[in-house]
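Please model the complete structure; the sequences and the hints are all you need to start from.
Taking the UniProt record's numbering, the leading residue of the sequence shown gets 1, the next gets one more, and so forth.
Worth double-checking, as some hints may not be accurate.
As the list claims (entries may be wrong) - Below 25 Å or equal to it, Euclidean Cα-Cα: the simulated DSS-like pairs (lysine-lysine) are:
1. K27 to K13
2. K35 to K25
3. K90 to K34
4. K13 to K25
5. K35 to K90
6. K19 to K34
I should point out that these hints are in silico values taken from the structure, not numbers from a laboratory. Keep in mind that this is a model prediction, so the values were computed, not measured.
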Amino acid sequence: MKRVKKPKKKNQKHNVSEKQLQRIKNKVTDDVTKKALLLFLSAASDEIGLTDEQACDIFRRANRYGEYMDDHIVRIQQLQETIEKGTGIKFEGW
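Take a look at the structure:
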(Lines of atoms letter the chains of each structure in order from A and count residues from 1; the text may use other names and numbers.)
(Lines give C-alpha, C1' and ligand atoms only; values in the text may rest on other atoms or scores of the structure.)
Protein backbone atom coordinates (compact mmCIF):
# COMPACT_ATOMS: atom_id res chain seq x y z
CA MET A 1 0.00 0.00 0.00
CA LYS A 2 1.34 3.37 -0.95
CA ARG A 3 0.79 6.28 1.44
CA VAL A 4 -0.28 9.61 0.11
CA LYS A 5 1.42 12.69 1.46
CA LYS A 6 -0.86 15.29 2.91
CA PRO A 7 -0.80 18.57 1.02
CA LYS A 8 0.99 21.33 2.85
CA LYS A 9 -1.30 23.97 4.28
CA LYS A 10 -0.62 27.54 3.35
CA ASN A 11 -0.48 30.02 6.18
CA GLN A 12 -3.54 32.08 5.51
CA LYS A 13 -4.02 35.32 7.36
CA HIS A 14 -7.46 36.58 8.17
CA ASN A 15 -7.99 40.19 9.05
CA VAL A 16 -10.69 40.80 11.63
CA SER A 17 -11.64 44.18 12.99
CA GLU A 18 -11.67 44.82 16.75
CA LYS A 19 -15.46 45.00 16.67
CA GLN A 20 -15.76 41.65 14.87
CA LEU A 21 -13.25 40.07 17.24
CA GLN A 22 -15.19 41.34 20.26
CA ARG A 23 -18.43 39.96 18.76
CA ILE A 24 -16.80 36.55 18.29
CA LYS A 25 -15.43 36.58 21.85
CA ASN A 26 -18.84 37.56 23.25
CA LYS A 27 -20.60 34.78 21.35
CA VAL A 28 -18.11 32.14 22.45
CA THR A 29 -18.29 33.35 26.05
CA ASP A 30 -22.09 33.35 25.96
CA ASP A 31 -22.23 29.82 24.51
CA VAL A 32 -19.76 28.42 27.04
CA THR A 33 -21.51 30.12 29.94
CA LYS A 34 -24.89 28.70 28.92
CA LYS A 35 -23.46 25.19 28.59
CA ALA A 36 -21.68 25.44 31.95
CA LEU A 37 -24.85 26.70 33.62
CA LEU A 38 -26.91 23.86 32.16
CA LEU A 39 -24.33 21.27 33.24
CA PHE A 40 -24.11 22.73 36.74
CA LEU A 41 -27.88 22.96 37.09
CA SER A 42 -28.34 19.39 35.83
CA ALA A 43 -25.72 18.02 38.21
CA ALA A 44 -27.08 20.02 41.16
CA SER A 45 -30.66 18.96 40.38
CA ASP A 46 -29.62 15.32 40.27
CA GLU A 47 -27.51 15.59 43.42
CA ILE A 48 -30.15 17.32 45.55
CA GLY A 49 -33.11 15.62 43.93
CA LEU A 50 -34.88 18.68 42.56
CA THR A 51 -38.04 18.34 40.52
CA ASP A 52 -38.14 19.69 36.98
CA GLU A 53 -40.19 22.65 38.20
CA GLN A 54 -37.68 23.49 40.93
CA ALA A 55 -34.78 23.27 38.47
CA CYS A 56 -36.61 25.60 36.07
CA ASP A 57 -37.26 28.07 38.91
CA ILE A 58 -33.54 28.13 39.71
CA PHE A 59 -32.68 28.66 36.04
CA ARG A 60 -35.15 31.57 35.82
CA ARG A 61 -33.66 33.13 38.93
CA ALA A 62 -30.09 32.75 37.60
CA ASN A 63 -31.21 34.31 34.31
CA ARG A 64 -32.77 37.22 36.20
CA TYR A 65 -29.53 37.75 38.14
CA GLY A 66 -27.64 37.77 34.83
CA GLU A 67 -29.98 40.49 33.60
CA TYR A 68 -29.25 42.49 36.77
CA MET A 69 -25.56 42.39 35.86
CA ASP A 70 -26.30 43.34 32.24
CA ASP A 71 -28.37 46.30 33.47
CA HIS A 72 -25.57 47.28 35.89
CA ILE A 73 -27.88 46.91 38.90
CA VAL A 74 -25.33 44.63 40.54
CA ARG A 75 -21.62 44.15 39.80
CA ILE A 76 -20.07 40.74 39.39
CA GLN A 77 -17.56 41.66 42.09
CA GLN A 78 -20.43 42.00 44.57
CA LEU A 79 -21.60 38.48 43.68
CA GLN A 80 -18.07 37.14 44.03
CA GLU A 81 -17.73 38.69 47.49
CA THR A 82 -21.10 37.29 48.58
CA ILE A 83 -20.21 33.79 47.37
CA GLU A 84 -16.77 33.95 49.00
CA LYS A 85 -18.23 35.14 52.30
CA GLY A 86 -20.87 32.39 52.33
CA THR A 87 -18.87 29.46 50.95
CA GLY A 88 -15.19 30.34 51.07
CA ILE A 89 -14.94 29.76 47.30
CA LYS A 90 -12.88 32.46 45.65
CA PHE A 91 -13.36 33.29 41.96
CA GLU A 92 -10.43 34.78 40.07
CA GLY A 93 -10.10 36.53 36.74
CA TRP A 94 -13.32 38.51 36.42
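Now the hints, each set against the structure:
A hinted pair counts as satisfied when its Cα atoms are at most 25 Å apart, and K27 with K13 qualifies at roughly 22 Å. Only pairs whose Cα atoms come within 25 Å are accepted, and K35 paired with K25 is accepted, the gap being roughly 15 Å. Among the hinted pairs, K90 with K34 is consistent with the structure: their alpha-carbon atoms are about 21 Å apart, no more than 25 Å. With a C-alpha separation of about 18 Å, the suggested pair K13 and K25 falls inside the 25 Å cut-off, and the hint holds.
Between K35 and K90 the CA atoms are separated by roughly 21 Å; this keeps the pair inside 25 Å, and the hint holds. Of the pairs offered as hints, the one joining K19 and K34 holds, with about 22 Å between alpha carbons and a cut-off of 25 Å not exceeded.
Checked against the numbered hints given earlier, the structure satisfies every one of them.
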